[in-house]
Amino acid sequence: MSGEFVYVSFTLNGAPREFHVRPEEMLVDLLRDRCALTGTKIGCDVATCGACSVLVDGAPSASCSTFAWQVDGRDVVTIEGIADADGAPDAVQTAFTENSAFQCGFCTPGMIVLARALLDRDPAPDRTTIRAWIGANVCRCTGYEMIIEAVELAAAARREAGR
Amino acid sequence: MNEISPRLHVVGADLDRTDAPSKTTGSAIYTVDVSFPGMLHAKVLRSPHAHARVLRVDATAATGMPGVHAVLTRDDLADVAPTYGYFIKDQPIVAIDKVRYIGDAVAAVAAETEVQAVAALEKIVVDYEPLPWVATIEDALANGAPQLFEEEPMGVVPAYGQGASGAKYLGNNNCYRFSYETGPASAFDDCDRIFEDRFVFSRDQHFHLEPFVSVARMDGETIEVWTSCQNPFPLRKELARVLKYPENRIRVQVPYVGAGYGAKNNCKTEPIAIMLARKAGRPVRFCMTMEECFLTQSQHAAILDVRTGVKGDGTLIARDGHIWLDSGAYSDASPLVAEKAGYRLPGPYKWQRLHIDCDCILTNTTPAGPYRGFGGTQASWASESQIDIIARALGMDPYDFRMKNLKDLHEAYVPGESGVDSDLRDGLDVVAERIGYAHRESGNGRGMGLSVGFKDAGGVNKPAQARIRIATGGDVYLQCGSIEIGQGIQTAMSQIVAELLNTRLERVSYPAVNTDYTPFDQGTNASSAIVVMAMAVQDAVLEAKAKAMAFAADQLGCGVDEIELDDWTIRKGNETHPLNLMIMRYYGGTGYEFTGEGFRKAPMDHDAPLETQCVSWEFGWGAAEVEVDTETGLVRLKQLVVSGDAGRAINPRVCRGQDEGSAIMGLTGALFPCMVYDGARLVNGDGLNYRVPLATDIPEGFVSILQEQGHGPGPFGAKSLGEGCMLPVASAIANAIEDAIGVRVRELPLTPERVLAAIDAARAAD
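Chains A and B supply the protein sequences, listed in that same order.
Numbering (the working numbering) for the first sequence: 663 to 825.
Numbering (the working numbering) for the second sequence: 4 to 769.
Be careful, since some hints might not be right.
Some chain B residues well away from chain A (every beta-carbon gap over 10 angstroms; in silico) [claimed, not checked]:
no., residue
1, Arg281
2, Asp570
3, Glu663
4, Gly682
5, Arg749
Examples of chain A residues lying across from chain B (beta carbon under 10 angstroms, computed) [stated by the list, open to error]:
no., residue
6, Thr740
7, Pro771
8, Ala798
Sample of chain B residues at the chain A side, in silico, Cβ under 8 angstroms [stated by the list, open to error]:
no., residue
9, Ala31
10, Tyr131
11, Gly261
By construction, these hints were calculated from the structure, which means they are not laboratory data.
From the three backbone atoms N, C-alpha and C, an ideal C-beta is built for every residue, glycine too.
This is chain B alone, in the form it adopts within the complex:
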């Protein structure tokens, strides 16, 4: 105990993840593993129609089926606020007047087994009056198109700052528009060339292996719900509003989450599980199948029109853009995604004029929602494709064109915004040098492309609170609402805590999140934990540490500046004083906990377009080398080099995993079929037919390079990480295809059919 331990350096070390012992042995508990005595199983009856009026729902026969304890239909919604959503509350718990996509929830049953629940669903009689449907953005915008909502649902438009605005329900299935404008429109008059291109983005599905799942039960008058969820506090608030139930009588518990990639925000399985549990008086588990997950949430397909003006010397001047996002059947997070897609379309370049509209178009398909990259993926696809188009038209190398126009380090993104916190040119050089871009041989079916993926990170106006408790013996409990969803946040936060307290990682515990006692957090999204929550954690640690040091100094009759904390031992010159003995001597033998509180949020700022300045800018630099078979259109990816900037990596190995996983998610949207619809019917929405990248799909030339440029706003200079490297992948590959065969493909995914069609079109034009 009196042995002085060496100075520790926990941050920056490739320490084993703190969740390794449980995750490598099968003992990690996820929501799918949560079980209670007497627990029932819920199943949902889903609409076979893309769009229909619901004339009759008769569940009488289901109620008497073996094992059935509760049935939920629209007849049970009288005492609740039956619709949920983010800005617009338009999605019903179960169908009320209409169903709006194939898979829309119509009724639910809780029975003793899932088999019994499914059997009971077959006894529910539903009469539909089928309505005409729209399954694409174009069809939904057409004159006379069927409308998903005949009456405008309840909703709000948030306040925006300089240059930004929002509007809802603009007609013709357009449920939200985000707009951003800065600089004079006349800037286009100064341009020597104006480029207009339309880009199309397909929709991927998250394919998180743990499905949407929750277990709900009544604990006296308290609703307790265990759920696979990444924003438990906003979920609690929404559940309280929807269920008309006191918020302090709803307890949300989140164990390990088997990934989400953005999907696990807001209501999914929870309202149905809770309503059935209350009705049945028994715990209810609602675990979706993978097929149901495909009918619950997806990425946004998009059409992006981009008009860019440039001087003859290659100086970017002005950009107008119009984006249409395919929101699916309900608004969900579409207004937020629209904000981000619209705001990110300029990319990290110097502009004099910007004007972007981003519309959310409802279609009779799976609701689209948050997906890693959050609109930035769509924006980067269009922006970085057009950057290459322009460079080539001007006779410039796309590398030189980027180098000429990229923002400088610390240069404000747009008026009123924070400065970019990475050196973009240094980052581009990292991937260009690694892939050998300067010495490439273009043409003859082989080529290279570059891209700079970009997004604002840290969450708009995100508040985060944290609490630290240091027990008598020096063990540390970090109470923090950041959800361990795979990104390694428990490990990173624990390393930060250990470093600040000059102790060992094993000393730090990270209790599971429970909204009854975990301090408030907006949610684990937007790569915000390491730059916002981690700062709240740092504040909490430093407060607790200051209390302990003041106590020790007082006990030792010296100044705080005369002592140091070394793994819960006080060093004073050559003396060592174990803190636990000092604490028990003063507070009694049972001891005492030093506590600290932390809170962080970017200040409100009306000069900033989104009302707070961006906390951290997230970049993914990408370089791709492809070989294109012009006979078949097949694109073979030979090299994929990606790089993110961690600012300062708290755990470099964990950061590497984020960058590589992110890049391979990006590869899905680039080269894999994504969600395929036949009309309004999803044809590949299951594990067998949906192709995600496998180990055998990854080229040997796949490399990630972690940068630590040191400019981040988080603890020790950390930056947002984990989404950036998916952003450049599709455009880098499309740019490489043009480098290889001189043909531009503007539509994702880059399937052989599309590449071949582009080759044919180019030949026809010659």
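Only chain A is shown next, with the shape it has when bound in the complex:
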């Protein structure tokens, strides 16, 4: 094991955090093993399936293939930090619940942060845009249609709420 550590400081789910990380330490391991944020999952471990997706400065990122030191000075949001500051679920979370847009749930945290990133960029995406965006992650259970509908529902709910 390397004796060298790298100091990183970043915002994690809204709070400033500091760590000494090994150079080869992956962000997903830091989140899961050292921060007890186990909502972020490891699926393929090669940045393909998206189960490990987190938001880094608002952009969906594969935390399985992101070194922990790469998020120094950045803003990281995981599924555990996606709700409002007052604890109210995000519109995407609510829509996933209301449309049963999950089954086994293993891809769901990644899917939810992925969808949230889309709606932060494009408050009124059409179906084709949603399909293309959701196409970044794998869900082996649902066949995707109910996920796409949930994103549409979330977009509508956000517009209605004036966000």
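Dock chain B against chain A, hints included.
Coordinates of chain B only, in the frame set by chain A:
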């Protein structure tokens, strides 16, 4: 409390899934999230050879590596029964005399980190004597082919009923044969036309995102294992046999399972994790990588020869079939899959004669095992492709040909079997009308195809037990071994319980499965939970409810027929009596739990071919529209319409998710590359190279239509659901391709290369 709540209608409502709060917030705990202080991490050394004798395994150097606490090799197997399997116990915990495929487990290490474990594996010295290998069904069956097993492993052939039989080890890598026969062979003599076709089925991998994973530890003398598993009770039994350990000192715990699609049955990571934990005296986590999952379990590739005799008027008469399943290196569930592939090959049609053999052929590749559809996918591919071939040869529309020959509602599948519990013609009309089949324009590269996917469901001879506890205040605990693997069974069962108790869904809790106190269940497979376990749940609820009602009637000094239960309040005419107050008055202030037990199993029946009649028949009606580019062979799926029959949908939205997910799994086998071997080496067995359908692969014309025909054997008329809609997809697309370009493709997947080859072959024949 005294306010009378309105009559509730929980069943049939699109209620939010009960696992939504945990699964949408990241707080759901899966086996990958289970951790204990001092927990070690296991890694496995895997064979680089497809087939080799293991001459030497020397782990001395690994033992002294940093962080290493335990090493497991064949030298540690003296005190255990070292092989496991379903009917045939042929798969060793780690290699003993031979390795039989690239990826076969040879040794394992438990260390403080996975990195340390991997480093230690590199220090294990293994000497191999490479042997010739076989990687395909054809090669394994060839004269003089290398044999995976020189001695026949221990195994059993189960009892079968009318017309069915089994046999093991028929020579030449054939580890099991299932046969089914009914009717006179002379029936073929009455046929005007006989069609013989060979179909080839490729092998998909489950690609469950949560890998095979378990965490094992010793709790005193009790082995406790947390595992991502869909059959914890049979697993406990097999672990007890393999480890020679008392079954009541093995505790299997199953939290949420990150999907399985059939893969998560029987021993996977558990024996290695447990043996390392016992040796190290520390908890051990064995979590496979996705690459290792590809080397652990897959679907069965298959060759299917189908010979079908038909009258000139289009009446189906007789069918012979021979199926060869590629079982991979160990028998695993192959004998069971063979039963089902063979039994399902006839499809839901009227026959006078059937004779089917299904063989399990060992090859030096990843062991094949249970996969959603369980042999029915292979059978439906061949059967429903040939139905179209025959119809076209007879000059009939494939729709009319199906309508003429499909079984009637309640008609026995075969002699001694139960009747089919869906109206097959109504189902076919649902998808044909939706896609616009009657008005299609065939040819010029565009066409439509139909298919009726079919399987028997409910699990052969499956016993299921359930227990209900209703607490003083009316909160309900459902103890039920059905595993929440994504299908929404916790929600469905809870809705059934709430409906029967006339209460709210939020009242019902579904504790995680723990074999120490969860009542026995055979396993969460074969779409059985909603038709077998759910009936046991219903029995348990009704028993507990009857006790509570009798108690209340006694307290009120009236007859049971004078009172009603309304959300744990007793209504008697215009009076309301909260049950909790009555209970505390009688049993004391701390209260009391009313309990109920339920048990269901189809009765043994030797007249039934599989010894019990099928509980529920599962159908998936499919219709596809394709556009085929004859220059490139590319098939563009324009529409895919699927429909399943829920009988009565307990939660229609959850049912929809099952049908759609199932159909898109079916699409993988139809149009995606599946597992590609170069000789005995899997070349695309990882997340980067293996293509599963993405959202961008799904056509806008993908629709599922949920039927509720009302004939199911489950609570409120529910039927098995969740596998049916994957069954028709490949054949519907192949049938649409022929409708579009007049060319038949008999081999899956329907890649551009294969379609182009079929076009070239057809041109050459002209």
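Do the hints match the structure? See the list:
1. Arg281: holds, 25 angstroms
2. Asp570: Fine: 24 angstroms to the nearest Cβ keeps aspartate 570 of chain B off the interface.
3. Glu663: violated, 4 angstroms
4. Gly682: Given that every Cβ of chain A is farther than 10 angstroms from that of glycine 682 of chain B, nearest at about 24 angstroms, it holds.
5. Arg749: With a cut-off of 10 angstroms, arginine 749 of chain B remains clear of chain A, as the shortest Cβ separation is near 27 angstroms.
6. Thr740: holds, 7 angstroms
7. Pro771: Result: holds, 5 angstroms to nearest chain B Cβ.
8. Ala798: holds, 8 angstroms
9. Ala31: holds, 5 angstroms
10. Tyr131: violated, 28 angstroms
11. Gly261: holds, 3 angstroms
The structure is inconsistent with the numbered hints 3 and 10, although it conforms to all the rest.
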